[in-house]
Amino acid sequence: MAWTGNVLRVNLTDGKVSKEPLNMEWARQYLGQRGLASKYLVEEIDPKVDALSPENKLIMTTGPLTGTMASTGGRYSVVTKSPLTGAIACSNSGGFIGAEIKNAGWDMIIFEGKSPTPVYLYLENETAELRSAEHLWGKSVWEADKLIHNELQDPQVRISCVGRAAEHGALYAAVVNDLHRAAGRSGVGTVMASKNLKAVAVRGTKGVGNIKDPIRFLQETEKRKQVLQQNPVTGQGMATYGTQVLMNVINELGALPTRNMREVQFEGAHKISGEAMHEPRPTDGKPNLTTNAACFGCTIACGRISTVDKGHFTVKNKPEYWHASGGLEYEAAWALGTDTGVDDLDCLTYVNFLCNEDGVDPISFGSTVAAAMELYGMGVITKEHTGGVELKFGSAEALSWAAEVTMKGEGFGKDLGLGSKRLCEKYGHPELSMTVKGQEFPAYDPRGIQGMGLAYATSNRGACHLRGYTVSSEVLGIPEKTDPHSTEGKPELTKAFQDATAVVDSAGICVFTTFAWTLDDIAPQIDAACEGDWSTEYLLEVGERIWNLERDFNLRAGLTAKDDTLPTRLLKEAANVGPAKGSVNRLDEMLPKYYALRGWTPTGELTPETRQRLGL
Amino acid sequence: MLKALKLEPEKCTGCLQCEMACSYENTGAFNPAKSRIKVFTFHEEGRFAPYTCTQCDEAWCMHACPVEAIVVDMATGAKNVLEDVCVGCKVCTIACPFGTVNYEADSGKVIKCDLCGGDPWCAKACPTGAITYVDASETGMERMRSWAQQSPDAAPPRTNPPREKPLNVYLSGQGGM
Chain B
14 MAWTGNVLRV NLTDGKVSKE PLNMEWARQY LGQRGLASKY LVEEIDPKVD
64 ALSPENKLIM TTGPLTGTMA STGGRYSVVT KSPLTGAIAC SNSGGFIGAE
114 IKNAGWDMII FEGKSPTPVY LYLENETAEL RSAEHLWGKS VWEADKLIHN
164 ELQDPQVRIS CVGRAAEHGA LYAAVVNDLH RAAGRSGVGT VMASKNLKAV
214 AVRGTKGVGN IKDPIRFLQE TEKRKQVLQQ NPVTGQGMAT YGTQVLMNVI
264 NELGALPTRN MREVQFEGAH KISGEAMHEP RPTDGKPNLT TNAACFGCTI
314 ACGRISTVDK GHFTVKNKPE YWHASGGLEY EAAWALGTDT GVDDLDCLTY
364 VNFLCNEDGV DPISFGSTVA AAMELYGMGV ITKEHTGGVE LKFGSAEALS
414 WAAEVTMKGE GFGKDLGLGS KRLCEKYGHP ELSMTVKGQE FPAYDPRGIQ
464 GMGLAYATSN RGACHLRGYT VSSEVLGIPE KTDPHSTEGK PELTKAFQDA
514 TAVVDSAGIC VFTTFAWTLD DIAPQIDAAC EGDWSTEYLL EVGERIWNLE
564 RDFNLRAGLT AKDDTLPTRL LKEAANVGPA KGSVNRLDEM LPKYYALRGW
614 TPTGELTPET RQRLGL
Chain E
-3 MLKALKLEPE KCTGCLQCEM ACSYENTGAF NPAKSRIKVF TFHEEGRFAP
47 YTCTQCDEAW CMHACPVEAI VVDMATGAKN VLEDVCVGCK VCTIACPFGT
97 VNYEADSGKV IKCDLCGGDP WCAKACPTGA ITYVDASETG MERMRSWAQQ
147 SPDAAPPRTN PPREKPLNVY LSGQGGM
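From first to last, the protein sequence lines stand for chains B and E.
To convert, note that position 229 of the first sequence is 242 in our numbering; the numbers rise steadily by one, no gaps.
To convert, note that position 159 of the second sequence is 155 in our numbering; the numbers rise steadily by one, no gaps.
Just so you know, the hints here were simulated from the structure itself, not pulled from any lab data.
What you are looking at is a predicted structure, and each value in this text was computed from that prediction instead of being measured.
Treat the hints with care, since some could be wrong.
Claimed, not checked - Some chain E residues close to chain B (C-beta under 8 Å, calculated; not the full set):
{"id": "1", "residue": "Met16"}
{"id": "2", "residue": "Ala29"}
{"id": "3", "residue": "Gly42"}
{"id": "4", "residue": "Ala71"}
{"id": "5", "residue": "Phe94"}
{"id": "6", "residue": "Gly95"}
Said to hold, decoys possible - Subject to a maximum C-alpha distance of 30 Å in a straight line, what follows is the list of computed DSS-like cross-link-like pairs (lysine-lysine):
{"id": "7", "chain 1": "E", "residue 1": "Lys(-1)", "chain 2": "B", "residue 2": "Lys225"}
{"id": "8", "chain 1": "B", "residue 1": "Lys159", "chain 2": "B", "residue 2": "Lys421"}
{"id": "9", "chain 1": "B", "residue 1": "Lys299", "chain 2": "E", "residue 2": "Lys7"}
{"id": "10", "chain 1": "E", "residue 1": "Lys(-1)", "chain 2": "B", "residue 2": "Lys236"}
{"id": "11", "chain 1": "E", "residue 1": "Lys86", "chain 2": "B", "residue 2": "Lys219"}
{"id": "12", "chain 1": "B", "residue 1": "Lys323", "chain 2": "E", "residue 2": "Lys7"}
{"id": "13", "chain 1": "B", "residue 1": "Lys159", "chain 2": "E", "residue 2": "Lys120"}
{"id": "14", "chain 1": "E", "residue 1": "Lys7", "chain 2": "B", "residue 2": "Lys219"}
{"id": "15", "chain 1": "B", "residue 1": "Lys575", "chain 2": "B", "residue 2": "Lys236"}
{"id": "16", "chain 1": "B", "residue 1": "Lys594", "chain 2": "B", "residue 2": "Lys575"}
{"id": "17", "chain 1": "E", "residue 1": "Lys120", "chain 2": "B", "residue 2": "Lys219"}
{"id": "18", "chain 1": "E", "residue 1": "Lys34", "chain 2": "B", "residue 2": "Lys284"}
{"id": "19", "chain 1": "E", "residue 1": "Lys34", "chain 2": "B", "residue 2": "Lys236"}
{"id": "20", "chain 1": "B", "residue 1": "Lys284", "chain 2": "B", "residue 2": "Lys219"}
{"id": "21", "chain 1": "B", "residue 1": "Lys575", "chain 2": "E", "residue 2": "Lys(-1)"}
{"id": "22", "chain 1": "B", "residue 1": "Lys236", "chain 2": "E", "residue 2": "Lys86"}
{"id": "23", "chain 1": "B", "residue 1": "Lys575", "chain 2": "B", "residue 2": "Lys427"}
{"id": "24", "chain 1": "B", "residue 1": "Lys284", "chain 2": "B", "residue 2": "Lys299"}
{"id": "25", "chain 1": "B", "residue 1": "Lys236", "chain 2": "E", "residue 2": "Lys7"}
{"id": "26", "chain 1": "E", "residue 1": "Lys(-1)", "chain 2": "B", "residue 2": "Lys439"}
{"id": "27", "chain 1": "B", "residue 1": "Lys159", "chain 2": "B", "residue 2": "Lys219"}
{"id": "28", "chain 1": "B", "residue 1": "Lys159", "chain 2": "E", "residue 2": "Lys(-1)"}
{"id": "29", "chain 1": "B", "residue 1": "Lys225", "chain 2": "E", "residue 2": "Lys86"}
{"id": "30", "chain 1": "B", "residue 1": "Lys299", "chain 2": "E", "residue 2": "Lys2"}
{"id": "31", "chain 1": "B", "residue 1": "Lys219", "chain 2": "B", "residue 2": "Lys236"}
{"id": "32", "chain 1": "E", "residue 1": "Lys120", "chain 2": "B", "residue 2": "Lys594"}
{"id": "33", "chain 1": "B", "residue 1": "Lys236", "chain 2": "E", "residue 2": "Lys2"}
{"id": "34", "chain 1": "B", "residue 1": "Lys594", "chain 2": "B", "residue 2": "Lys606"}
{"id": "35", "chain 1": "E", "residue 1": "Lys7", "chain 2": "B", "residue 2": "Lys225"}
{"id": "36", "chain 1": "B", "residue 1": "Lys219", "chain 2": "B", "residue 2": "Lys29"}
We put the beta carbon where it would ideally sit given N, CA and C, even for glycine.
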């Protein structure tokens, strides 16, 4: 039946672990991973709880396809209430630990309470043990990973860990797994550290064996691997350039938010693009990109593994950064580079290393630095605040300094750890924060891609491209092309993408498959693996149910329709150049239609009919 | 024609589809921990290397086994473990110079690659062609071809120190030429 049927509950306050059966009725309604863990969270915590208090819970969760041969079937998520947004958080990651949790015989791990002293969880199949992490506190993810592997004397243990940024309370800290993959967004790492939980180390040797119809499952998954292979994006583009294939494309479209979203095109984009990562450097003759790499079970293999030039100013005399590690994906290259105006590829790679090493979301970090740079340009933030550093747009030195102090939680790094919203409020210019619900924007300017404005404004976890990637349709023409400059049909498009993505996440596979797959490709794989009937139509209902469950949590947490909006800059200041010149985002044309489509009141609340239809 | 698994690490992305296929064929579960082929990740070098039994002709594991539990499959050349004969003494795991025979605590027996009776699942599952099942006498063909193609100028830089004597002097010293 693809689920293991087991939930591990870890009470950090009293140090007790217990095993309980998975609620199969909920599994039928919410599938797994994002949906199912959100259901558990919603049932178990008060939405108004302080995200960093012991009353919040944190769930590490897999999907029914996690750990199977379905392509990309290695995803897991960290679900909790976010300290950055106050909304529900679900941060998804690849790498290998998701499959390892499943192989150890568990669908999810629920952490509750707060440990009196730092601990880490060691989970080996049926044996779960909380161990002291006193010696790991204050260490980076990379250091702690090494120490835990040495301590357990098992190189095959997979580890999720928080770094120093989370310990210092940076509000957008990530949970990093397998050294360079991350449940990155919304500060899920900050919650984990607030519970004195440093790491989770897992070794599973039981495997995933209870597939409903194994022969059909192998046939269906093989057929869909061929679909990925034959698609130009997933079969070639992603392996060659990774998500960074988008840097030049989005720039030409005039939808690449630049210098804290003041502009929509970046003159240095070609220097930090996927193509540039292949160019041999003039200094050492080697390209930035060392190889591509796959997460567990992934036949796309878009991951970037990069190396910084040993002579580059960021790593000169720092041999600990001379090896290959997780390189720039599009979002990181954009936030760290375009949004700060820095076009130094090796500097961005170094800063990306730091984000992995100490566990912060590079999107939120880069955007926060960008806001600080704008404030510096206005003379609001001065050298007095920065300790003499010139925090100017385009300065690679300032960017790498900002990263170093943020990871360590030193001086101005404390302010940067607040995130863009709180930083801009602190310095008296809330309007300069490029955020929705307190979460920083990703790399698509909604003045040039209208649908993304609606997707950002209504995303249940704040500004995010992975909750409804209408870019697929508006830019890439997948599954069909729509006009990025028009608001026509965008409420329907946004809703469809939001519901479908909730299904993809909840299955335990990667959203990048949807460059080639539709739900018609995904449904047969789930149906062959899981008990019950899983048609495309039913899965869409599941997706819609998950979306509304998250929405309902947020409303009860105190968010309202007023939070479904965009920064004034994107609604009032028109794009200055490019194909979208003269455009703002026309959210007001889309939002009321979207509410109606969702079956919500004009003030964005679920109607009783909608609740009843979805069984909420 | 005898066939063999050909492993090309430079094509491997580390996805572990081979490990899942192998474990599924042998145990009925997707379980990399029980795979007879292993992918090693050298993270700091950015390299992945799939690795499994080479099916040695004079197989050390087979000769070392005190109860003759390892036998040759004449059709494929694979050295197979007879599970009901194996006593789990682990001598073969010590004898194998490559470490590709392994003891499995759950069953108390050893496991190794058996080429799936001539239709290896790892090769079928590999999405990048890093694992192929080819004519056993040609597993080095591509490497030979690529070396032969290189002009002296294009040869990659050597990291080994230069030898004091050319190799052929050593060989002729043995009277072999």
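_Need the list of violated hint numbers for this structure, in ascending order._
4, 5, 6, 7, 13, 15, 18, 20, 21, 22, 26, 28, 29, 32 and 35
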